[in-house]
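Could you put together the complete structure from these sequences and hints?
Those protein sequence lines, which keep their order, are chains A and B.
The working numbering applies: residue 8 is where the first sequence begins, and numbers increase by one.
The working numbering applies: residue 278 is where the second sequence begins, and numbers increase by one.
Worth flagging that the hints you see were computed from the coordinates, not collected in a lab.
All figures in this text were calculated on a predicted structure; none of them were measured in a lab.
Where hints are given, some of them may not hold.
[What the hints assert, rightly or not] Just so you have them, the derived chain A footprint on chain B, three or more residues with Cβ under 8 angstroms: (1) 325-338; (2) 586-596.
[To be verified] If you want a taste of the chain A side facing chain B, the calculated C-beta under 7 angstroms gives, among others: (3) L68; (4) T70; (5) L164; (6) L167; (7) R170; (8) D173; (9) I186; (10) Y274; (11) G308; (12) A315; (13) L316; (14) N319.
Think of the CB as a built atom: it goes at the ideal place given N, C-alpha and C, for glycine as much as any other residue.
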Amino acid sequence: MSLTPPLEPNEGIVDPAENVENAIEMKEVEGLSQGRIVLRRFLRHRGAMISAFVLLAVVLLVTTSIGWGFIPGWWQYSYKDLNPIVNAGGAPTMGFQDGGFTFGSHPFGQDNVGHDGFALVMRGTQQSLTVMLVVGLLSTTIGVVVGALAGFFRGRLDDLLMRFTDMIITIPVIMIGAILGVLVGGASPWSLAVALSLVSWTNMARLVRGQFLTLREREFVDAARVAGASNGRIMFKHILPNAVGVIIVNATLLMASAILLETALSYLGFGINSPEVSLGQLINEYQTAFATRPWLFWWPGLFIVTIALCVNFIGDGLRDAFDPRQRRIPTNRALAKADARKARAAARTASA
Amino acid sequence: MATTVTTRASGARSAPDAPVTARRSWFRSAAPTLTFLGRRLLSSAIVLLGATFIVYMLLSFALDPLEDLRTSTAPNKEALIDARVRLLDLDTPPVIRYFKWLGALFTGDLGSSWVSGQQVTALLGSAIPSTVQLVAASTLIAIGLGVLVGIVSALRQYTRFDYSVTFLSFVLYSLPAFWVAVLLKLWGAIGFNDFLADPHIPPMWLAIISLASGVIWSSVIGGSTRTRWISFAASVVATAGLLTFISGTGWLLDPSLGMLGIAAIGVGIAFGITALTAGLGNRRALYSALTTVAIGVALYVPLQYAFVNASTWLIVGLGVVAIGVGLVVGWAFGGYDRAISMRGAAITALGVGLLIYVDRVMAVWQAYSNASQINGRPIATIGSQTPGLSGDYWVESLDKFTHLVLPTIALILISFASYTRYSRASLLEVMNQDYIRTARAKGLSERVVTTRHAFRNALIPLATVVPLDIAALFSGAIITERIFAWSGMGQLFLRSLQARDADPVMGYFLVTGTLLVLANIVVDFVYAALDPRIRVNS
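Okay, structure coming up:
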């Protein structure tokens, strides 16, 4: 019956509890590169993995359903189409009908003039995701460059850059976002994303600066300098890879706040405006119809929450994965199970 | 021991976010604190000036005050445009206009709104109190509740409760403010008001709520399986009983606590506060807390006469008196450690005073809710008061509360999560420190270790966040204010921006920016005051 491999000769002798702890310790470090360790820890973070899958599913859904750029879509309606209203008041056709679950032609319902809710939400999610990604990339880049320069060169430059950062921080993000939103107009998600990036890099810059301030004093930096590396090379080839954990984690959290910021601005009418569609803009447009057509309000909100929640969880998982102090704490049940297993094994070796 | 202290201290010094200490050697001479304060104020003023410049430039590029005139079909279009250009001085380059604005600022003139003609100072003067009214309660409650939940979650690390709180705080993080607010309007106001028409809780909901409270309490209290089942059963029965009472007697239509209710809840508060601050073993503390409860209950009837011509000052004064009575009672009980009894009794006295106040406000509920302007739908969705409603102090207070309740809940939901995360993380960090082990090793009870040794130190990181959040909430309530039509700072900002009215926006920014900068300085000093390893003055 036993399919377990034959026991090592000394395994029965070791104190079971200690062995369990050792095994966990050993598993963390057994000849793995830093990247592998981080990846492994991340893969083990259940919340982050589920979120990653959900996010991937959302991205796949929104890119393939109504098409995006050159990607063809399989959904029959465009978000601009005015279709004949199917159900009374445009109610969703998705649901349990005639004993079975049906999607129908308008699963997310329609608005009062016949726009397809599903296509609208897909388009809105595309725009909001675009803003999120662009803000994530661009403001991370700005933040990293500013923080790296300030932390590496210190002195005057540091003072100057940090006072400038303080200045940007003093201006409430929603305010400058709104002003820039008015400035660039509700033209496209790209311009809005650029505008938002110009104000949301500050936290990243501070964190990267902190990392650089400590890392630049380390021996490997001296070694690189003695070997003749230029400042730029030391900054980006030697120090930056060591700060990558902090940067990635904060980039994720930044993206989560970016999607909330974009939707909030679009909701207030300073972000993406009609006829273009974004999730916040949808909620803004349909909140008055909430009592009569709640589905127009529910779905965009649900997508915002889902995306923000997933990104936040992925960020949490990444933070745990990059944290060297993080150790996997076995639950009491896991410990008890391991103990029982050891006890059984010991009993078997004793009887053998 | 000495070495660990120094290494840790130097660790704190080299921390990049502590510029306070880096400059320490620079002004070791006389009055370093003042020098530091002066330097910080100066650099903050420069930062603020730069920021106002940026905002002014952005505004002058972003806002086109001539927009409506450009598309106008009025026959005297040119003249109108000329008049507005002269009014707003648009021929002058924005940079020079900024310095004009700055010059006027130093004379105390913030300009005026060209749309409405009102002075910006007047606009701010009416918007600030309104925002403070909205934000103050929610910030306090969010901090209190967030810290409490975070602490419990840290003490029950890796339990189901902890995981649930973590998950919940992530969900709250991810909720867009406008979505929450609209949902609250639907369920909190319309749903609850509909429910009030016939306030009977259906048995299914009663069962669900009772079971949920059982699960929550048993996981909060924790302990062995036996204890868990007992606390589960007790809280299910208690909740079900309470809900049946509320539903059966129509309590929600005419709520009151009564002398008996105040006495019962007061005794509960007394035990709870004593258990937390002194431990139930400290009989003097317990008795002094119970005595204040007795005094409060005895004063219940006389106070009703004092409440007839109530005003805000009377209530605040009575609150101060309550604290004083608590302190005196605690002092009178004496003992080796008077301060503990005094503190516990004072907190209890304040709690009982609050109960009496709540009871008095509840007394006008029925009259309020049946008033023609309210028409049985007491929870308001917009504005800060019911127009045309007149009544005494109590009716006005209740009216204010019913208008505040939804925006307050919305703000709490948004900011609550971050406090939970912060306090959980910092308590966990503190609980792993050596001195906690020492405290346990010398035989202190877990309560003393947690409340005296761990909790206080866990609050230090939080003290650096709270001032910034308070400052930020003045600008962050933009969405909440808009949805609930609360005419505070956020509304002032939004309306002015939409009306392409630059001066009020600048006024708004000046207030929020100054608060933020000041909060940053406060943070530095609070941090130095709380953590002796970091020094502004040495």
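Tested hints:
Look at the region 325-338 of chain B against chain A: 8 of its residues bring a Cβ nearer than 8 angstroms to a Cβ of that chain, three or more, so the hint holds. Under the rule that three or more residues need a Cβ within less than 8 angstroms of chain A, the assignment of the region 586-596 of chain B is violated, with 0 such residues. Below 7 angstroms, beta-carbon pairs count as interface contacts, and L68(A) has none with chain B, the closest being about 19 angstroms; its hint is therefore violated. The beta carbon of T70(A) is not positioned within 7 angstroms of any beta carbon in chain B (closest approach about 22 angstroms), and the interface hint is therefore violated.
A hinted interface residue such as L164(A) counts as satisfied when its beta carbon comes closer than 7 angstroms to some beta carbon of chain B; here the least separation is about 15 angstroms, so the hint is violated. Taking 7 angstroms as the C-beta cut-off, the interface hint given for L167(A) is violated, the closest approach to chain B being about 11 angstroms. This hint holds: R170(A) has a C-beta 6 angstroms from the nearest C-beta of chain B, less than the 7 angstroms allowed. Annotation: interface hint on D173(A) holds; nearest CB of chain B at approximately 5 angstroms, less than 7 angstroms.
Interface hint status for I186(A): upheld, as the beta-carbon distance to the closest one in chain B is roughly 5 angstroms, under 7 angstroms. Residue-level restraint check for Y274(A) holds (minimum Cβ-Cβ distance to chain B is 5 angstroms; threshold 7 angstroms). The criterion of a C-beta within 7 angstroms of any C-beta in chain B is met by G308(A), whose closest approach is roughly 4 angstroms, and the hint holds. Here the hint on A315(A) is kept, as its CB sits about 4 angstroms from the closest CB of chain B, short of 7 angstroms.
With a cut of 7 angstroms, the hint placing L316(A) at the interface with chain B holds, because the nearest CB-to-CB distance is about 4 angstroms. For N319(A), the interface hint holds, since its Cβ comes within 7 angstroms of a Cβ in chain B; the closest pair sits about 5 angstroms apart.
Checked against the numbered hints above, the structure breaks hints 2, 3, 4, 5, 6 and satisfies the rest.
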